[in-house]
Each structure stands twice: as structure tokens, then as C-alpha cells.
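Number of protein chains: 4
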Amino acid sequence: MSKPSIAADAVLVKSEPVPDDFVEVSGIDYTKDSAYNMSASDLISSMRNMGFQASALSQACSIIDEMTSWKGVHRDTLEEHKQKGTFDDEGYQRTTIFMGFTSNLISSGLRDTLRYLVQHKKVSAIVASAGGVEEDLIKCLAPTYMGDFTLPGKGLRDKGMNRIGNLLVPNDNYCKFEEWIVPILDKCLEEQQEALQKLGNDALDYNSDACWTPSKLIARLGKEINDESSVLYWAYKNDIPIFCPALTDGSIGDMLFFHTFKASPHQLRLDIVADIRRINSMSMDASQAGMLILGGGLIKHHICNACLMRNGADYAVYINTGQEYDGSDAGARPDEAVSWGKIKADAKSIKVYAEASLVLPLIVAATFAKERPSN
Amino acid sequence: MSKPSIAADAVLVKSEPVPDDFVEVSGIDYTKDSAYNMSASDLISSMRNMGFQASALSQACSIIDEMTSWKGVHRDTLEEHKQKGTFDDEGYQRTTIFMGFTSNLISSGLRDTLRYLVQHKKVSAIVASAGGVEEDLIKCLAPTYMGDFTLPGKGLRDKGMNRIGNLLVPNDNYCKFEEWIVPILDKCLEEQQEALQKLGNDALDYNSDACWTPSKLIARLGKEINDESSVLYWAYKNDIPIFCPALTDGSIGDMLFFHTFKASPHQLRLDIVADIRRINSMSMDASQAGMLILGGGLIKHHICNACLMRNGADYAVYINTGQEYDGSDAGARPDEAVSWGKIKADAKSIKVYAEASLVLPLIVAATFAKERPSN
Amino acid sequence: MSKPSIAADAVLVKSEPVPDDFVEVSGIDYTKDSAYNMSASDLISSMRNMGFQASALSQACSIIDEMTSWKGVHRDTLEEHKQKGTFDDEGYQRTTIFMGFTSNLISSGLRDTLRYLVQHKKVSAIVASAGGVEEDLIKCLAPTYMGDFTLPGKGLRDKGMNRIGNLLVPNDNYCKFEEWIVPILDKCLEEQQEALQKLGNDALDYNSDACWTPSKLIARLGKEINDESSVLYWAYKNDIPIFCPALTDGSIGDMLFFHTFKASPHQLRLDIVADIRRINSMSMDASQAGMLILGGGLIKHHICNACLMRNGADYAVYINTGQEYDGSDAGARPDEAVSWGKIKADAKSIKVYAEASLVLPLIVAATFAKERPSN
Amino acid sequence: MSKPSIAADAVLVKSEPVPDDFVEVSGIDYTKDSAYNMSASDLISSMRNMGFQASALSQACSIIDEMTSWKGVHRDTLEEHKQKGTFDDEGYQRTTIFMGFTSNLISSGLRDTLRYLVQHKKVSAIVASAGGVEEDLIKCLAPTYMGDFTLPGKGLRDKGMNRIGNLLVPNDNYCKFEEWIVPILDKCLEEQQEALQKLGNDALDYNSDACWTPSKLIARLGKEINDESSVLYWAYKNDIPIFCPALTDGSIGDMLFFHTFKASPHQLRLDIVADIRRINSMSMDASQAGMLILGGGLIKHHICNACLMRNGADYAVYINTGQEYDGSDAGARPDEAVSWGKIKADAKSIKVYAEASLVLPLIVAATFAKERPSN
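Residue numbers (the numbering used here), protein chains in the order written: chain A, 1 to 375; chain B, 1 to 375; chain C, 1 to 375; chain D, 1 to 375.
Among these hints, one or two may not hold up.
To be verified - Listed next, with one range per pair, are the computed distances between beta-carbon atoms:
1) Thr150/B <-> Pro19/A: 18 to 28 Å
2) Glu194/B <-> Thr77/A: 46 to 56 Å
3) Glu194/B <-> Asp29/C: 40 to 50 Å
4) Asp148/B <-> Ser264/A: 47 to 57 Å
5) Thr31/A <-> Lys223/D: 16 to 26 Å
6) Asp76/C <-> Asp9/A: 24 to 34 Å
Stated by the list, open to error - Listed next, the in silico DSSO-like pairs over lysine-lysine satisfying Cα-Cα at most 27 Å (straight line):
7) Lys32/A <-> Lys121/D
8) Lys187/A <-> Lys198/B
9) Lys198/C <-> Lys187/C
10) Lys370/B <-> Lys32/C
11) Lys348/B <-> Lys14/D
12) Lys176/D <-> Lys14/A
13) Lys223/A <-> Lys237/A
14) Lys14/C <-> Lys348/A
15) Lys82/A <-> Lys3/C
To be clear, the hints were calculated from the coordinates, so they are not data collected in a lab. Predicted, not measured: the structure shown is a model, and the values here were computed from it. Quick reminder that beta carbons are idealized off the backbone N, C-alpha and C, glycines included.
Work out the full structure, taking the sequences as your base and the hints as a guide.
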């Protein structure tokens, strides 16, 4: 009795010949000495054709290498009104890199890695959520500790221990933060009121000194913290703006809220319109634009939206755990951003489906920190 | 030959007696007529002890029922400085309900459900992301369409079709939006400048008319749109504030950005400090506070943070697809918020792990819209 | 000063005219009386064009309606060798529906819903994981209880309480199960040995009585349990095979393991080759084939693989929480199965990204149990 | 005006003093030369106190190090009936390591890594899904290729290209597999029938040669493939059993199905009872037991269930993308297995929430392959 033909025909369908440009799946070659205690760059190369997220991770590193190595013309060859965007120390055009991260990454040990990138001018602008700003400052005042995802909330609250995933932040840290920030807010308000008096009817005009914005306040806080372990400090030093339109959504907001009572009837004002002009202008000025987005939510959308202003980023790397099936921007694949003009149709883009702390150390070790900086 | 004792001992461990208060898992009783084409409330009751997310969904409905049915004392029995928070039409204290939703829910057909809740004053305040504000307005100008998660981005961009998950928004909708909003922004700027002139050195003070905030602008847009299908319209009519600290993060931001050029050297300013005072004050004033949070990111954190100002919400329902393992606030369980004092230790709280469109229609049908409103 | 043209051009791209067949996103119409305490079928209709997973859920119901209402020709009009597959009581061809579910669904209150489908012959064959078989039997002996996802494991083990998500099963239930099943296994072994003696060299031939298979043993257990609350009982009564190739992977496996010592040197044998022939034959014989797969892993792949034997299912509904980015079959979209010939290219198929207990009660209420069965 | 006291009291709660054993969150120290192009082991150490999944990954490596370095007493010091379990070449007791993986990992480039572990006897037993067996063999016949998650299924089917996530397998590979396996199945059947004739009434007894089991057939296939790139080959050579109770659930099942027609009335039989005895016995015999489980579903449950036979594993590392909220075993945390007695209460256990290809190369490089094997 022979095979049932309907099943055999379905199971044993013949393939078309495999096209020449097909790439075979492959893994680590353990005959090589370099396959043992592998280096970051060897790992990343070996993952290139491994499939699934290994390939995506490897591709993310290639895109990062491309965006950081792109080099345009020299500034002097450009007409004056075109001398905009990012240039290296020698005057050549470079990719303007927008990096976004969520608050929790600063709470985690990734902060050192993010700080490294800012300290060494590996990125051009940052978009952070409020916690991503304040936790960086607070860590200069007191540490965050290892905890556990399952510690019950009631017991922690009773002890004044705040949980962030498997991390713990003593509430005293926020008390210390208040002590530190209130005098600075006082000073900022004073400057606002002085400028208002001085500028009168021009006080709300474009570039007015009477108008604080999130990015201006963040730079000021970076200056004031004056601590080399801080992302904000290096962003201030290296003139890398940190955008955070919802800066009030966290501990700084709590402090600003309290400050409105202390300062009454005066009030510090934080304008978000000037900042949208600032980030959008950076996007328009960029010769090439790259995105490196760690996490989802506002920080992801904000960078993408800014890149729409130049009809799309040239490079995009998303790293997050969001899924597209809920229709959220957080979970949207790069290709959704292509439909909006936020990423160019011919851009290099990839999403790595991973929690950032799991992959960013490896990514940075294989790309931005492949070699020790000379400075 | 007998059973191997090590295995038998492990497999056949004796249980302690089942405590009296244990509840048996149970499902739908198909001997009942009501088990066919079930009603929302029958479905929800039947899911009570089904386990997994069915139980969570049922519990979410119970919590909603509790938060909406809580009734305190009459306003007249309160000292004057305590006559704050939410009262019903008859003057009794009610739960102040903070509802949060992400942009995509307004893009989806859930907008009608969200609008229903606002129209009938089922909630007290809203926190939305920028898209959750502008897409509501844009839908008054032109429709959103059904699409597919897999439509390639390049082809869509070529046709001017923007994809949001499995939805499509023609880019013309945003052009129409620009036409509609620019005259309003002109007017708002005019009012700002008039107030600035009038108030002089007091122009930035608390409650100054020279200072637009996201919530004030959103209320104005709700008034201007004047359309009964709109969430913003009903929020304006019913004096339900819509908070959106990062209001510039989307199409309104694009329009404000363009407007800075049109209006130069003047500039409309949107202050986020006054709004943090406003939402935090609502939280402090609330007799009881409830959260209904659909989605993650900023909108979730913002409501939780506001509820910290009163040492925790009394009721909390989270509906989202986020996971806690990445340490994001988006994925955090209610118990993490307990550690921060954002939810009370003895509050009723639940997280439903679900995409909102899948469950909100059922939830609302079994709770807020169990009965037709008389008005 | 005018808008920057590069940004304006990107933001205000013109759309092509919206095609006539585009469908507007829409939601619930709260002007209708039926929008209050909605019925399952009204909810499902209203979700049709809501977007995201609401649409997917609604589509799943449509596909179920189509697969259950398909009606072919009468048996008598067919040549004898074509009189195969599924027929209704009147003799007309019907869709052969393969339903798969994971163990946990039987542990949950969904068991009643699954039992309803089997009792009323709504499905033609079942694929379950081992727990999906034994937990159905065990529930006839003692109940499962509601628990909590966060109950610590050590304390539970000390009390002999086994946790399944937010459910608890006293270990005594498994002791009771042992008492119940051992005499049956004894009898099955006896029958095996008798047949072996009788059949001699033919004992391992096709359809030999000496060869138990998982599906044969499961049917026997369904007969023995003789309990109308049981899925297995009704499957036995209605001649609906339950396939479970890895039947040893759970408590039945523990019991079979113990039994090998008790019965030594004899051993009950469970052959999986005869079952793959049986399920594949059902697929080949089907006039139309439909899949309803609740959960992932083996049960999903097994049904898909069987449908390859007929060059693809005609209808497919997946309900699970798996994601495709890990390259697992569990998370694969229906379109991956199309590439393999497991689903026809022109089949109706959908994946609903949801935990099954959250949506199955609603789905069944709006489809299989829209009307009370007459019998 | 002072701060509102209710808010200030809530926000500025004092903490209890931080306990001495609290560990500070920390990251990579970029002042060190080793922070550049980091080695696997330096990466893993640096991630130890980073938080989130970085910590989990680091902990997974520690657990693997512990389970592989555990060394018990010498075989000669044990009574004869206790000389069971795993011993190293020098005769000392070692941890019996059960490794599980799903089919897709063999399809991916991880196969080389899995093969490395088997070749160098790093694990003691394997549980795989059917695809994890057959794809290893098929890759010896023809390669798998890189593809893309979004390639449409219809076009692929037309070309005979099967998609597995972002991988492609030409259907010809399965045709080649059929050619290879059919003669082997013929031979296996022949051996079965010979044994049946010879053994007569004892043919189904414990350890009968007339009874093939999945693990026996897999070992035979490993011998026949005789290819050093194969996991099965090395498992055969090193006497490492590969368990796969549902071996019929894939291409081997298709071939066995076809073979029932070819061989009719004879039929090859695969008994799963003998294999449950075999794996459970390994668990009971183990001096210490460790689990390394890559992926979810059957392979995860099967190893855990086997470890119940010894009242729990001593070490457990789960790597998968499943979530617990759906109550699936796939997504269950190790602590759920503790409640069942599948993991000891005092065991070292961790779950890494990650797609395996993303982390296994790094894990193996920092643990099993930290040093080049001498042989």
C-alpha cells in the first residue's frame, strides 16, 4: 500500500532552487580559540546569521557602527546657512544621534553605560522620561540597591523602601533630593522674575530668558550637580541637550509642586513649546539622523516625531519589550514609523525584542566601546 | 516490586486540610438559559472564579463598581475648607476617578466608549498622551480606517497613509487638523500677549491668564471643536480636566512648532508646572481616589504619582500588556505602586493583562453602562 | 517667517484618495438600548471595526461561525470511498474541527466551556497536553481552588498545595487520582497481555488490540470516569478522539511510571505511531478542516501538522499570548503556517493575542452557545 | 505658604536605615581596560548588580557554574546500589544536568552551541520537541537559511519555502530527509518484528527489544547520521539520552505516518511508557540534579516533572519569553515548580526573560565554554 497521495503531495512539495543570495544559518565555530570566553565583537559577529533575536542584535550593532562612522563633508565646504547639524572635532559632518531611554535604565546599572556614551560625545541629544532625569541626580546623593520583583509592597512602604522592578530606592534619597534641589529652584525662579521685569512685553518671546524649559532646567541641574558619575553633568559639559517634555511627571514634579506653595504668588514656569522647537530644529539641521531608543512610551515617540521633521531618520535601533498587537507606539515596529515618514523607507532599522539591560552592555562593548577612548 | 519510595514520597505528598475559606474554581453553568448569548454582567459574574485573567477581569469590574458606588457624607455636613473633591448632583462625596489612556485607544473604536464615560461624568479627570488629545479632534474632521498590522510602511508612506497598529489614518487628516487649529493657536497667543501686557510683573504668577497650560489649551480645543462625538468636547462641557504634560509630543506639537515661526518673535507658551499643581491638588482634595488606567507609559505613572500626594489611591485598575520583568513602570504590578505610597496598602487593586480594546467594551457594559443613563 | 519647508513637506504630505472599500473605525453606539449590559453577540458585532485585538476577536467569531455553518453535500450523493470526514445528523458534510487546549485551561473554569463544546459535538477531535487530560479526571474526584500568582512556593509545598498560576490544587487530589487509576491500568495491561498472547506475531500490526495508544487510553478513562462534568466522558460518549502524544508528561505519567514497578516484568505500552496515523487520517478525510487552538506549544503544532496532510486547514483561530519574535511555533502567526501548507493560502485565519480565559467565554457565548441547544 | 502637609508627609516618608547586607546597584567601570570589547566573563560579572534581567543573566551563569562544579564523593566509597547517577571520568559524583530545548533553537545557529555542550558531555540528558530532533538531522542533509519575519506565507508556499520565524527551510530538505530515513525505519521495523517473534509473550515486557521508544529511535538516528555537526550524533556517542515523548509531532511523524502504509499490515511502534521510566529513573539516581531549560511547553514541563521524582532539582535555570499571567506552565516562574516539589525549596533557581538566541551564546561563553576543552 502506498502513501496517501494528498498527504504526500502536501508534505513533499518541491522547492524552487535556493537563490544565490540566500545566506545559510550558522552559529559559533568552536574549533576557534576565540570561541572561548568570547569577546563582545566576536560574539556579535557570530550571532549575525544565528536567526531570531541573535541576528537582530548583531544587526543593531552593524547599524550603530554605520551611524557612528558616517562622515560627510567638511564644514568649510558648506555655505554658511548649511553649516548646521553635528560635526566632529575636525569639522566633518557626522550623524546626529538621538538617544532615548526610560527612567528605569538610569535606576539600573546601565546608568554607567549611558553616562559613558554622553561623556564621550557618542550621542547628540537625549530624550528621557522624568525619572531618567531625577534618578541620575539622586544617585549622586545616595545609592539605589538590589531588591527582588516579589518583595511585598506593604512591607516596603512601612520601611520607606520604594521598589523599581528588582531594585530598591530608600525614600530618604528623595528627601535628600529635596534638600538639594529647592535652593536651585529658588534661584531659577529669581532669574525668571528678573528677566520678566527686564523684558516686559517681550518676556514670552522666542528665546526669552524669562522662560525656563525642561531642557534648560535639566542643563542647569547637570551643572549644579557637578559630579562625574552623572549623565546630566556630562550632557551639560558636552552641550548635549536632554529633552523631557513631561519633566513634572516624577520627583522633580513633586518638588516643583511643593515649590509653588513656597514661592506663592510667584511660580516657576516650564514651557514645553520652546523645547519642541529645539528638538525639531536639531532634526532638521542634521546631515544624517540616527535613533537609538531604549524602551518605549514617550521617549520613543518623541524621537520618532522629531525625525519626521526631516522626513525620516537614516538609522534606527529600537530595543524594547513592547509588542505590536496592542497598537501602541511603544510596541510598533520600525516599519510603522516608515509609514509616517519618521524613518526613511531606505533607512537601516531594526528592533531588538529584549529588555535593555540584557543587551546594551554587550552592544556598547562591541560598538561604542569597542576601543578605549584616547581622552 | 514496589514503587520507588523516593519518587512515591515526593509525588504523593499529603496536603493539609483545605481551609474553609478556599473558593472552588468554577465556570459557566450551561444548564441556565442565561448561559446563551450571555449578557455582559452574567459573563463577568461567571468569570469570577474561573482563574487566570478571567478572574482578574471580573475583579476589575467589582473594583469599578465599588469605586463608583462609594458615597460619603453630604457637602453641607463638612466644614468649608473640607468641601473639596468630587460630589454628586445631590451633594454627596464621591470617589474622584482618574482615568488614563494612551493615544492608540482614541484612534481605535474605544473612543466612543471613552467619550461615553466622559459625557456621563463617570470619571473626574483624565490623563492622556498627546495623540489621545489630537486624534480625538482629528476624528471630528475625518475618519480613521481599518488596516492591517502587516501593511508595508514604504507603500503606505507613498500613499500618505499612516499606520497605527491595524488602523490607517490618511495624512490629509493632519492637513485638515492644521487648518482647523492654526486660527485657534493665533487666538490663544493673542490672549497670552494681552494678559502679559496687562499683568506685567505678575504675568507668571500662580493662576495668571498669561500662562497657558496643556490642560487649559485642551479645554479650549474641546470648546472649539464643539462636536458631541468628541471626548474633549464633553470634558470641556463637564469640567473634567484632561492632563497631558507632554502635549507637544505629536501633531499638536508639530503645529505649535510651525506656529513658532508664524508668530515670531512671539511664541505661545505652555507651562507644565501649573498643571502638576492642578492634578496633585485634585488628588489631595479627593475624599476617595480611584484609578482606571488603560495602557502604560506616562499616563500610568502620572496618575500614580498624583495619587502619592494623598498617600495612595483607594482603588486601582490597570489594564495593559506590559510585563514587570523589564523593570518599567509600564509593566509594574499595582503592588509596586504600594511600595511608593501611590496605592494604599489596603486598597482594592488589580491588573488585567490584556490589550484594552479586548476587554474594555465588556467591562464598561458590565459596570458603567450596565444600565442606560436617564439623561 | 514661514514654516520650515522641509518639515512642512514631511508633516503635511498629501494622501491619495481613500479607496472606496476602506472601512471606517467605529465603536459602540451608546444611543442604542442594546449598548447597556450588552449581549455577547452585540459586543462582538460592535468590536468588528474597533481595531487592535477587538477586531481580531470579532473576526475570530466570524470564522468560527463560518466553520460551523459550512455544509457540504449529502453523504448519499458521494461515492462510497468518499464517504469520509464529518457529517451532521442529517448526513450532510460538515467541517472537521480540531480543537487544541493546554493543561491550564482544564484547571481553570474554562473546563465547563470546553466540556460544553464536546458534549454538544461542536468539535470533531481534540489535542490536549497531558495535564489537559488528567486534570479533567482529577476534577471529578476533588476540586481545584482559587489562589494567587504571588503565593510563595515553599509555604505551599509545606502544605501540599500545588500552584497553577493563580489556582491551587491540593496534592491529595493526585493521591485520589492514583487510587482511581491504578485498577484501570491493571485492567488495561491485562487486556494488552491477552491480546499479545492471542495475536502472537501479529500483535504489533496495524489496529492490533495489543497496542494501547494515548487516544485509546484516554477514551477508556473517559468511559471509566462516567461523570457528566468531564470533557473526557463526553468525548468518549460522542466518539470524539482526544490526542495527546506526550500523555506521559504529567500525573498519568507518574502513575504509569509507578505501574511499571508494580507490573514488572510486564509493562503497559503506549504507542504514538498509531495515533499519528489516526489524526492525520482524520485530516485527510475532512471535507473542510477548521482549527480552534487555545494556547501554544505541542497542542498548536500538532493540529497544524495534521492539517498539512490535507494541504492546509480552511479555517484557523489561534488564541494565545505567544509572540513571534522568538521564532517559536507557539508564537507564530497563522501566516507562518501558510508557508508550510498547514493553513491554506485562501483560508480564513486569525490570531487573537489574549489569554484564553479572558476571551473564550465571550467567544463561545457569541458563537457556539449563541442559542441554547435543543437537546 | 508652606507645603501641603498631606502630600509632604506622603512624599517625604522617612526610610528605615538601609540594612548592612544591602547591595548597591552598579554597572560597568569604564576606567578599566577590560571595559572595552569586553570578554563574556567580564560582561557577566559587570551585570551582576545591574538590576532587571542583567542581574538575572549573571545569576544564571553563577548557577550554571555551581551546578557544573559540584563534586560529590568517589564512586568507590559508595555502596554498590548507590553507585548511580552521573560521575566524572575520575569517578566522582557530578550533577546530573537535564537540558531542554525547543525545535526552533536547533533551526537557529544555536545548534552549534547545543552540539558543543553535548559533544563535551556538559549535560547528562536532553528533552527536545520533535522538531529539535529532526531539524538536527535535516541540517546534516541541507542547510537552513536566513529569512524575515514578515515574508508572506503564500509566496513562500508557492516556492516551497517553509518559514520558522526569520529563518527559511526549503521543503526539499524534507524530501531529502524522507529518502534518508525510510530505509532506517524499514530496518527498525524489521528488528521489531524479529524481536516480537523471538520474545513471544514477553515481547512487551520491560526492556524488551521488540519495543522501540522515542529515545531509542533517536539514539539510532544519531548513530546513522554519523556527522560531527549533529547534536544527535554526539548524544549517541556520549550516551546522553534525548527524550522526546511526542516524537511523532513533526516531520519524523509525517515519515512514520507514511511508513504505516508502506509497511502495512506491520507497523513500527514507539512506546512512551518505557521512556518515562527511563527519564524518571535518571532523576531518582542523580546525586544532584540541575535543569537548563531553553524555551517553554512540553520540554520545560517534562524536565520539571522528572525532577519531582527526586523531590526537586537542586539547580534550575529557565530561559524563555513566556509570562506567568496566562497560568501556563511555559510562563511559570521557578517558584511555581517549588510548590509542586519539582524544584527544591532551597535550590538555586532563576528565570531569564529572554529569547534564547539572544543570551545563550554569552552564557555559554562565560560558563561552559569559558575555557577551551583540552580534548
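Hint-by-hint comparison with the structure:
At about 23 Å, the beta-carbon gap between Thr150/B and Pro19/A stays in the expected band of 18 to 28 Å. Taking 46 to 56 Å as the suggested C-beta distance range, the pair Glu194/B and Thr77/A conforms, at roughly 48 Å. A hinted range of 40 to 50 Å for the beta carbons of Glu194/B and Asp29/C is consistent with their spacing of about 43 Å. Judged by the Cβ atoms, the range 47 to 57 Å given for Asp148/B and Ser264/A holds: they are separated by roughly 54 Å.
Between Thr31/A and Lys223/D the CB atoms are about 23 Å apart, so this pair conforms to the stated range of 16 to 26 Å. Separation of Asp76/C from Asp9/A is about 29 Å and conforms to the stated range, judged on CB atoms against 24 to 34 Å. For the hint linking Lys32/A to Lys121/D, the alpha-carbon distance of about 19 Å falls within 27 Å, and the restraint holds. Distance restraint check for Lys187/A and Lys198/B: the Cα-Cα separation of roughly 26 Å lies within the 27 Å cut-off, and the hinted pair is therefore satisfied.
Proximity of Lys198/C to Lys187/C is assessed by CA-CA distance (about 16 Å); at most 27 Å being required, the pair is judged to hold. Using a Cα cut-off of 27 Å, the hinted pair Lys370/B and Lys32/C holds, with the two alpha carbons roughly 13 Å apart. In summary, the hint linking Lys348/B to Lys14/D is supported, as the alpha carbons are separated by about 25 Å, within the 27 Å threshold. Simply put, Lys176/D and Lys14/A have alpha-carbon atoms about 11 Å apart, close enough for the 27 Å limit, and the pair holds.
As the CA atoms of Lys223/A and Lys237/A are separated by approximately 8 Å, the hinted pair is consistent with the 27 Å bound. Proposed proximity of Lys14/C and Lys348/A is supported: the alpha carbons are some 25 Å apart, at most 27 Å. For the hint pairing Lys82/A with Lys3/C, the CA-to-CA distance comes to about 17 Å; that is within 27 Å, so the pair holds.
When the structure is compared with the earlier hints, no violation turns up for any of them.
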